[in-house]
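Read off the chains here:
2 protein chains.
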Amino acid sequence: MTSQAIPYKIYLSESEMPTAWYNLRADMVNKPAPLLNPGTLQPMTAQELSGVFCDELIRQELDNDTALFPIPEQILSFYKMYRPSPLVRAYCLEEKLGTPAKIYYKFEGNNTSGSHKLNSAIAQAYYAKEQGLKGVTTETGAGQWGTALSMACSYYGLDCKVYMVKVSYEQKPFRREVMRTYGASVTPSPSMETQVGRKILAEHPGTTGSLGCTISEAVEAATSTPGYRYVLGSVLNQVLLHQSVIGLETKAALDKYGVKADIIIGCAGGGSNLGGLIAPFMGQKLRGEADYRIIAVEPASCPSFTRGKFAYDFCDTGMVCPLAKMYTLGSGFIPAPNHAGGLRYHGMSSTLSQLYHDGLMEAVSVKQTDVFQAAEYFARVEGILPAPESAHAIKVAIDEAVKCRETGEEKTIVFGLTGTGYFDMVAYEKFHDGLMSDYIPTDEELQVGFDKLPKV
Amino acid sequence: MTSQAIPYKIYLSESEMPTAWYNLRADMVNKPAPLLNPGTLQPMTAQELSGVFCDELIRQELDNDTALFPIPEQILSFYKMYRPSPLVRAYCLEEKLGTPAKIYYKFEGNNTSGSHKLNSAIAQAYYAKEQGLKGVTTETGAGQWGTALSMACSYYGLDCKVYMVKVSYEQKPFRREVMRTYGASVTPSPSMETQVGRKILAEHPGTTGSLGCTISEAVEAATSTPGYRYVLGSVLNQVLLHQSVIGLETKAALDKYGVKADIIIGCAGGGSNLGGLIAPFMGQKLRGEADYRIIAVEPASCPSFTRGKFAYDFCDTGMVCPLAKMYTLGSGFIPAPNHAGGLRYHGMSSTLSQLYHDGLMEAVSVKQTDVFQAAEYFARVEGILPAPESAHAIKVAIDEAVKCRETGEEKTIVFGLTGTGYFDMVAYEKFHDGLMSDYIPTDEELQVGFDKLPKV
Chain U
336 MTSQAIPYKI YLSESEMPTA WYNLRADMVN KPAPLLNPGT LQPMTAQELS GVFCDELIRQ
396 ELDNDTALFP IPEQILSFYK MYRPSPLVRA YCLEEKLGTP AKIYYKFEGN NTSGSHKLNS
456 AIAQAYYAKE QGLKGVTTET GAGQWGTALS MACSYYGLDC KVYMVKVSYE QKPFRREVMR
516 TYGASVTPSP SMETQVGRKI LAEHPGTTGS LGCTISEAVE AATSTPGYRY VLGSVLNQVL
576 LHQSVIGLET KAALDKYGVK ADIIIGCAGG GSNLGGLIAP FMGQKLRGEA DYRIIAVEPA
636 SCPSFTRGKF AYDFCDTGMV CPLAKMYTLG SGFIPAPNHA GGLRYHGMSS TLSQLYHDGL
696 MEAVSVKQTD VFQAAEYFAR VEGILPAPES AHAIKVAIDE AVKCRETGEE KTIVFGLTGT
756 GYFDMVAYEK FHDGLMSDYI PTDEELQVGF DKLPKV
Chain G
336 MTSQAIPYKI YLSESEMPTA WYNLRADMVN KPAPLLNPGT LQPMTAQELS GVFCDELIRQ
396 ELDNDTALFP IPEQILSFYK MYRPSPLVRA YCLEEKLGTP AKIYYKFEGN NTSGSHKLNS
456 AIAQAYYAKE QGLKGVTTET GAGQWGTALS MACSYYGLDC KVYMVKVSYE QKPFRREVMR
516 TYGASVTPSP SMETQVGRKI LAEHPGTTGS LGCTISEAVE AATSTPGYRY VLGSVLNQVL
576 LHQSVIGLET KAALDKYGVK ADIIIGCAGG GSNLGGLIAP FMGQKLRGEA DYRIIAVEPA
636 SCPSFTRGKF AYDFCDTGMV CPLAKMYTLG SGFIPAPNHA GGLRYHGMSS TLSQLYHDGL
696 MEAVSVKQTD VFQAAEYFAR VEGILPAPES AHAIKVAIDE AVKCRETGEE KTIVFGLTGT
756 GYFDMVAYEK FHDGLMSDYI PTDEELQVGF DKLPKV
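Residue numbers (the numbering used here), protein chains in the order written: chain U, 336 to 791; chain G, 336 to 791.
Hint data in this document are derived by calculation from the structure and do not stem from the laboratory. Heads up, some of the hints might be wrong.
Remember, identical chains collapse to one label, so a pair may be satisfied in a single copy or spanning two.
Straight-line distance between alpha carbons at most 30 angstroms, and here's what the computed DSBU-like set of lysine-lysine pairs gives [as the list claims (entries may be wrong)]:
{"hint": "1", "residue 1": "Lys620", "residue 2": "Lys787"}
{"hint": "2", "residue 1": "Lys620", "residue 2": "Lys437"}
{"hint": "3", "residue 1": "Lys765", "residue 2": "Lys501"}
{"hint": "4", "residue 1": "Lys344", "residue 2": "Lys464"}
{"hint": "5", "residue 1": "Lys534", "residue 2": "Lys746"}
{"hint": "6", "residue 1": "Lys591", "residue 2": "Lys660"}
{"hint": "7", "residue 1": "Lys431", "residue 2": "Lys620"}
{"hint": "8", "residue 1": "Lys746", "residue 2": "Lys344"}
{"hint": "9", "residue 1": "Lys702", "residue 2": "Lys501"}
{"hint": "10", "residue 1": "Lys366", "residue 2": "Lys415"}
{"hint": "11", "residue 1": "Lys765", "residue 2": "Lys746"}
Extracted from the complex, chain U is given alone in its bound form (with noise of 0.2 angstroms):
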């Protein structure tokens, strides 16, 4: 198939879609480090976390072993209303670089939540429903995840209750509109509805809000609510399954063409997109069936793999959540003001943690300038409007493809947009205005951070 002409954008047909998502844990040697009850520093059980997650998402979090989970049918149905997505050959780009790379893209924003998180998002409210509960909780910081859980819950007919970081609930009035459009209810967070609410706005009473104190209150709230659970749009093992169709996808629509990836490259936050992304790919690097150099990008407001420590981490601020074995900044680090809210965890999952700490993938850190320079650039010349998160991974992708330019390698770079940018305009705004900071943690800012780390 090699001599077929690779259109601009590759679609699979339906029949073409995976049926099952890959758990990529199956095939590593080093199984990511269990989930720690904060009071044991025990492993938690399924019965432990019974209260918090769905049953069956318990069920796909805890299994290290199964390589394949079949996609339930209603799953794939809804799926098939924007799946698959586009895996774009950038032919515009690569003649603008001037490069002998080829790239590709995995273009996850063409639907209303703008992002790949709609891929998890409908399968946790699918077994939410089930399960026959009310109701889920969750906590949205760039208000991607909230709105793809919106979505997802209006079509299950599912209470939807978002907890939104404050500072983006007033900065992003349009996001909680779209969220409303959808029936869910948001609250900005913190908020005096909970008790860690009202005990971080007494301790913090101008605060603005973070992404693990926002978890904090939807972890409270679905606890303490009847028939509702919590569901979270990343990091978790459950949601790097969910989101292994987008790498299954890639992969199939790269083999279809007989096209061979070199480096695979893709921003990280907490890991949903490139967990998901680099999945099977990396399956087949453990299992020694083929090679990638593999690029996770992170802001260099936010470095948790490229300066954090793999330790043991609670995985909100209020710490009422289990402890995780991760790449970590400490729970209550807060970052510089960056605009890409996506990537402003403190913490990564534990999967993507244990392998890069078997150095099974490398990492880089970006200025936030350079990266919206790459977006604006990569707007002009492929005319898509990338989200900040996604432009992280064009800045890297840029970067290596002007390596091939000048060492002369036909490389093949295929990178994750995860993303559009529309509801992010305040920021190129300030991007265009200059106002931008690229402000990076200092040591000494993060030694605080570390101090705090709980003694496991």
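Dock chain G against chain U, hints included.
Then chain G, alone, in the frame of chain U:
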């Protein structure tokens, strides 16, 4: 092919994409009336138009006989970045409505302009570049056309000067910022930059602008700046020609699966989407090869088809443009506040006006809150948050599908989903808060506009 299962989304392959635009006028017995010189009341010649429009676009504008215009290779390449757009089978909507009708929509929102406008913008920018021009000017109301033109000009390295209706400029700062991302300059209109702007401001100091007056400013700016021409996103024959790509793709996708449409529905402001969507179907109808019900949907607050006069009128408020024979509410008509900025134009494409006058299509008007109810319903069921403009077509498509439920008829309904509503959340917020106006002009109010129609 009729036995083949129809996927949720039909994507043509690149080789199935149309390679020529279809000029509906070639098959019309009663041709649209020519533009008139407002001074001489004689048909505008190519030479008279050459100070305003690009030469090739004038040729397309005046040609009522050539059926097919080959799409230049460079435009085809650009189309491949975001086209073919999907023809979606609305399985979920059908199920939710419990209708035996088969519903399809052609979704044009998957590009950064958020609408079909890019189809003509790239063509107009291309011809401007080919002619060696320095830049173009235009007006924008809702902002979709301005965004599309900004993208197209950025691609070809042309200057782009956008006059934006002042109320939109202020209410939609994010639209402005997207245009800025693509390097366009955006001026709220009326402005002090043009004679006509200064005149309008002197006469109506507090005005928040209208599309008609913004057109006057953009035309003046183009004709008074060397190396510039004016481009327009709707109404004109050339725009309908470029937009025929929507209908040609739609028809090719339906033909591929052996599906025959019964009813074709599109929203109508100036006619760019509707004229493009229906082009090949209307062509069949004109040639006696097939029959379709074709329905234009317009806002009850700006009812040019359903309550306007078929008469020669100015295309702009400043009366600097040629006269067009069309259904019009008078060039001074300012519709009551509504949120479908793309449907607030006082007139209508001459081509569509002639077809409507000849009984070849129907028109209905719908109230704003009904439109937003349909929009929200659709968003929840089909997952796409529609632009207010597009939701006009959704409203009538749902109405027709409900009729089928009542009669048991298995009609095939095709409608144009022109774009997404991500920049229209202020409108959705008003709808949610019950603050939306349903004002419909009285006969007396409309008569004021009719009384001022030029005597031709």
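Comparing the hints with the structure gives:
1. Lys620 <-> Lys787: neither (36 angstroms within a copy, 75 angstroms between copies)
2. Lys620 <-> Lys437: For Lys620 and Lys437, the Cα distance is within 30 angstroms only inside one copy (21 angstroms; across copies 46 angstroms).
3. Lys765 <-> Lys501: both (20 angstroms within a copy, 22 angstroms between copies)
4. Lys344 <-> Lys464: Classified as between; 26 angstroms across copies, 35 angstroms inside a copy.
5. Lys534 <-> Lys746: Close neither inside one copy (53 angstroms) nor across copies (60 angstroms); limit 30 angstroms.
6. Lys591 <-> Lys660: Intra 38 angstroms, inter 53 angstroms, cutoff 30 angstroms: neither.
7. Lys431 <-> Lys620: neither (32 angstroms within a copy, 45 angstroms between copies)
8. Lys746 <-> Lys344: Within one copy only: 19 angstroms inside a chain, 33 angstroms across chains, cut-off 30 angstroms.
9. Lys702 <-> Lys501: For Lys702 and Lys501, the Cα distance is within 30 angstroms only inside one copy (24 angstroms; across copies 36 angstroms).
10. Lys366 <-> Lys415: neither (32 angstroms within a copy, 43 angstroms between copies)
11. Lys765 <-> Lys746: The answer is neither: 35 angstroms in one copy and 51 angstroms across copies each exceed 30 angstroms.
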